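Colleague: Chain by chain, the residues run as shown.
2 protein chains.
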Amino acid sequence: MRIGELSKLSGVPIPTIKYYLREGLLPAGERTQFNQAQYEETHLRRLKLVRALVEVGGLSIAATRTVLELMNAQASDLARLGKAQYALTTRKEHEPDEAWEWATARVSELLAQRHWQVSPRNPARLQLAEALATLRRLGQDDYLVLIDRYADAVGRLAAMEVDAVLTRQNVDSMAEAIVVWTAIGDSIIASLRKLAQEAETVRLFGEAVFQAGAERQE
Amino acid sequence: MRIGELSKLSGVPIPTIKYYLREGLLPAGERTQFNQAQYEETHLRRLKLVRALVEVGGLSIAATRTVLELMNAQASDLARLGKAQYALTTRKEHEPDEAWEWATARVSELLAQRHWQVSPRNPARLQLAEALATLRRLGQDDYLVLIDRYADAVGRLAAMEVDAVLTRQNVDSMAEAIVVWTAIGDSIIASLRKLAQEAETVRLFGEAVFQAGAERQE
Numbered sequence: 001m002r003i004g005e006l007s008k009l010s011g012v013p014i015p016t017i018k019y020y021l022r023e024g025l026l027p028a029g030e031r032t033q034f035n036q037a038q039y040e041e042t043h044l045r046r047l048k049l050v051r052a053l054v055e056v057g058g059l060s061i062a063a064t065r066t067v068l069e070l071m072n073a074q075a076s077d078l079a080r081l082g083k084a085q086y087a088l089t090t091r092k093e094h095e096p097d098e099a100w101e102w103a104t105a106r107v108s109e110l111l112a113q114r115h116w117q118v119s120p121r122n123p124a125r126l127q128l129a130e131a132l133a134t135l136r137r138l139g140q141d142d143y144l145v146l147i148d149r150y151a152d153a154v155g156r157l158a159a160m161e162v163d164a165v166l167t168r169q170n171v172d173s174m175a176e177a178i179v180v181w182t183a184i185g186d187s188i189i190a191s192l193r194k195l196a197q198e199a200e201t202v203r204l205f206g207e208a209v210f211q212a213g214a215e216r217q218e
Numbered sequence: 001m002r003i004g005e006l007s008k009l010s011g012v013p014i015p016t017i018k019y020y021l022r023e024g025l026l027p028a029g030e031r032t033q034f035n036q037a038q039y040e041e042t043h044l045r046r047l048k049l050v051r052a053l054v055e056v057g058g059l060s061i062a063a064t065r066t067v068l069e070l071m072n073a074q075a076s077d078l079a080r081l082g083k084a085q086y087a088l089t090t091r092k093e094h095e096p097d098e099a100w101e102w103a104t105a106r107v108s109e110l111l112a113q114r115h116w117q118v119s120p121r122n123p124a125r126l127q128l129a130e131a132l133a134t135l136r137r138l139g140q141d142d143y144l145v146l147i148d149r150y151a152d153a154v155g156r157l158a159a160m161e162v163d164a165v166l167t168r169q170n171v172d173s174m175a176e177a178i179v180v181w182t183a184i185g186d187s188i189i190a191s192l193r194k195l196a197q198e199a200e201t202v203r204l205f206g207e208a209v210f211q212a213g214a215e216r217q218e
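Heads up: the sequence lines are chains A and B, in that order.
Using UniProt numbering, the first residue of the first sequence is number 1, and each one after it goes up by one.
Using UniProt numbering, the first residue of the second sequence is number 1, and each one after it goes up by one.
All the given hints hold, so there is nothing to weed out.
Identical copies look the same in the list; a pair holds intra-copy or inter-copy alike.
In the SDA-like style, the derived pairs of lysine to any residue whose C-alpha atoms are separated by at most 25 angstroms in a straight line are: (1) Lys8 <-> Arg22; (2) Lys48 <-> Glu23; (3) Lys48 <-> Trp100.
If you're looking for bench data, these hints aren't it; they were derived computationally from the structure.
Nothing here was measured: the structure is a model prediction, and the numbers come from that model.
Between the sequences and the hints, there should be enough to build the whole structure, so can you do that?
Modeller: Below, the structure is given as structure tokens:
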């Protein structure tokens, strides 16, 4: 198909497709004799994936490129899967203050208590430590009692997620599932959590709270 | 205190503090006779909150401003709390295709099944619908069996979160808790989920998967 058809089927505007091509997120089409690029079903599939990672997953162009490279790399077997998950975690600078020291110790403790074997190099450790350190710096320590409940819930979900990935037929398909589910799953859980919070508040206090909130949006 | 002290105590560089002042995220200090601005404990507290929302919560400057305005508004009682939660949800353009129609119907259905009373105007509905539509466009429908398990887990967490907010002494303190916990809670859950996924994979297959993943990071 030509680029116009690719745009129509994917819902991605042509200038955006050209941008993704320039950035190496989408492999070039095959040149035909009239110097027009021809695209295949695989381009359409890849384009939808890029769109999902950027738009819904909120990944930067550079992070998307890394994730796609890892997904396609000829690494043997399951090793690729771990790489893809690590690449999906944003890293940030952290300040090595008292709160940070406390938070990293709390992360190690939490993992040890649960017998969660996690590489010291998994960047999600830093993401969690940064969030805990921020709560401590803000003096929002009462929130911390919830962390263990979060870990219980997420532990159960992870077991189901890994099981679901393993029903995929081959490693390529597993790698794609991990990339998509990690990026989009965060968004699903975050939105469900907000909906459940509203529902719980309405259950306790009636509709007044959130309906008043909605008025301002109009 | 002067701006240098404010910077030292908060860990935020002076140029960043000046940027927040210009953007109205931090109220101006009081001018002393030598034309120097003087800052109080309340500035320090606000500055830490801004930093947390921007750095850990990933909010834009504009979204942070809206959240802070709502937090401080003299709205009566609990109405403010709902407003703050709505303002924390990012909105995106969506394509009204077949996947979108299907996804919005699925969201309504899920809320109805659980008797979750949620305003039609809660933006988290759109966030969830966009994520589900994306999965469908990518043909990752096997993931959808997990949504109900997510909703179960998140429903239990929301009940605990609302209870915890209600232990706060006054509405100001509740509003601050909702803002911070919503923004930072997403990051905590996302990172815990990645850690739990690795732990579960290691439990099933040994350490090879994620250790291989780590090598590339060095």
